[in-house]
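Take these sequences, add in the hints, and give me the full structure.
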Amino acid sequence: MIAQLRFLLQLTHGHRIARRYFVTNGFDGALTMLGLTTGFYAADHVATPVVISACLGGAIALTVSGLSSAYVSESAEREKELKELEQAVAADLQHTAHGQAARWVPILIAAVNGLAPLLIALFIMLPLWLSQAGIALPLTALESSMVLAFVALFLLGAFLGTVSGRFWLWSGLRTLLVAALTAAVILAFGA
Amino acid sequence: MPVIKRVVLDVLKPHQPNVLEFATAIADRHGGCRITVTVTEIDEKTETTVITVESEDVPYAAIVETIRELGASVHSIDEVEVSSMAPADAR
Numbered sequence: 001m002i003a004q005l006r007f008l009l010q011l012t013h014g015h016r017i018a019r020r021y022f023v024t025n026g027f028d029g030a031l032t033m034l035g036l037t038t039g040f041y042a043a044d045h046v047a048t049p050v051v052i053s054a055c056l057g058g059a060i061a062l063t064v065s066g067l068s069s070a071y072v073s074e075s076a077e078r079e080k081e082l083k084e085l086e087q088a089v090a091a092d093l094q095h096t097a098h099g100q101a102a103r104w105v106p107i108l109i110a111a112v113n114g115l116a117p118l119l120i121a122l123f124i125m126l127p128l129w130l131s132q133a134g135i136a137l138p139l140t141a142l143e144s145s146m147v148l149a150f151v152a153l154f155l156l157g158a159f160l161g162t163v164s165g166r167f168w169l170w171s172g173l174r175t176l177l178v179a180a181l182t183a184a185v186i187l188a189f190g191a
Numbered sequence: 001m002p003v004i005k006r007v008v009l010d011v012l013k014p015h016q017p018n019v020l021e022f023a024t025a026i027a028d029r030h031g032g033c034r035i036t037v038t039v040t041e042i043d044e045k046t047e048t049t050v051i052t053v054e055s056e057d058v059p060y061a062a063i064v065e066t067i068r069e070l071g072a073s074v075h076s077i078d079e080v081e082v083s084s085m086a087p088a089d090a091r
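Chains Y and Z are the protein sequences, given in the same order. With this note's numbering as the guide, the letters of the first sequence map in order to residues 1 to 191. With this note's numbering as the guide, the letters of the second sequence map in order to residues 1 to 91.
Calculated directly from the structure, the hints in this document are not laboratory data. No experiment lies behind these values; they were computed from the predicted model shown. Every residue, glycine too, gets a C-beta built ideally from N, C-alpha and C. Do not rely on the hints blindly, as some may be mistaken.
From the structure, some residues in chain Y lie toward chain Z, with a derived Cβ separation under 10 Å [unchecked claim]:
#, residue
1, F7
2, L11
3, T12
4, H13
5, H15
6, G35
7, G39
8, P49
9, A91
10, T96
11, Q100
12, L119
Shown next as structure tokens:
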């Protein structure tokens with residue numbers, strides 16, 4: 001089953017698209033969480049359950065958006081490609097690897113696009129839940145979440161650097177700079 | 001009983017899977033077969049290939065089914081080698 005899915009991804013170059021979606025929507029998720037936590041930090045004295053609800057709401061919305069938008073666009077794209085290929089080979093390809101790819105690859109890509117922001121958001125929200133559970137943290141819950149958001153954004157940048165063959169540290173620092181600018185703007189307006 | 005030792009097929013296939021993946025997929029599904037794929041013509045979305053399958057007993061129908069599953073279609077059988085002597089009888 002896994003070998004077959006890998007073959008279908010290879011057939012359509014879907015792994016490249018999935019990787020791109022993972023980074024793009026993962027970046028969206030991390031930056032949204034950073035924006036929310038920085039906003040709450042600037043607002044001061046916001047109760048942790050309120051922060052958790054807002055962040056969770058944002059994460060779920062990003063997930064649903066990622067799932068639906070990627071599925072709709074990818075399935076339309078795959079159908080179009082399949083029809084063009086059917087015309088080129090003058091055969092019905094519905095029951096071939098290409099037909100299977102047209103059905104399964106959009107689902108896989110949609111799952112990656114939807115789960116990337118969710119998993120990253122849950123990672124960033126971890127200190128909020130720990131704090132809520134009464135576990136002591138070295139920083140406040142919001143500060144810890146902001147640090148994790150910076151870490152997530154740096155790792156996404158470093159991952160992109162590895163993929164593109166650039167030096168991972170520079171690539172990571174570049175996304176970190178974007179995160180720092182975002183937080184600075186929010187703090188400037190929220191202060 | 002006659003067995004197919006070698007068959008040469010004229011096959012039209014999409015660019016993906018590429019010839020290496022295509023030949024590997026056929027060989028992977030039919031152990032004991034030696035597959036040779038030669039690209040003879042490349043178009044915008046397809047390529048014409050000549051596929052040679054060699055084995056002690058080529059499972060022709062299954063090979064054609066695999067080729068179809070990979071999105072390609074067999075245009076013609078260009079060459080075939082059939083032996084009426086099974087390997088066991090030859091000894």
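Structure-based check of each hint:
Taken as an interface hint, F7 of chain Y checks out: its beta carbon lies about 8 Å from the nearest beta carbon of chain Z, inside 10 Å. For L11 of chain Y, the interface hint holds, since its Cβ comes within 10 Å of a Cβ in chain Z; the closest pair sits about 5 Å apart. Restraint check, T12 of chain Y versus chain Z: the minimum CB separation of about 7 Å is within 10 Å; hint holds. For H13 of chain Y, the shortest C-beta to C-beta distance to chain Z is roughly 8 Å, which falls under 10 Å, so the interface hint holds.
For H15 of chain Y, the interface hint is violated, the least distance from its beta-carbon to any beta-carbon of chain Z being 13 Å, above 10 Å. Against a cut-off of 10 Å between C-beta atoms, the interface hint on G35 of chain Y is violated, since the closest Cβ of chain Z lies about 40 Å away. Given hint, G39 of chain Y at the interface with chain Z, is violated; its Cβ is 46 Å from that chain's nearest Cβ, farther than 10 Å. The beta carbon of P49 of chain Y is not positioned within 10 Å of any beta carbon in chain Z (closest approach about 51 Å), and the interface hint is therefore violated.
The restraint placing A91 of chain Y at the interface with chain Z holds, with a minimum CB-CB distance near 5 Å, inside the 10 Å limit. The interface hint given for T96 of chain Y holds, since its Cβ lies 4 Å from the closest Cβ of chain Z, which is under the 10 Å cut-off. With a cut of 10 Å, the hint placing Q100 of chain Y at the interface with chain Z holds, because the nearest CB-to-CB distance is about 9 Å. For L119 of chain Y, the interface hint is violated, since its Cβ never comes within 10 Å of a Cβ in chain Z; the closest pair sits about 30 Å apart.
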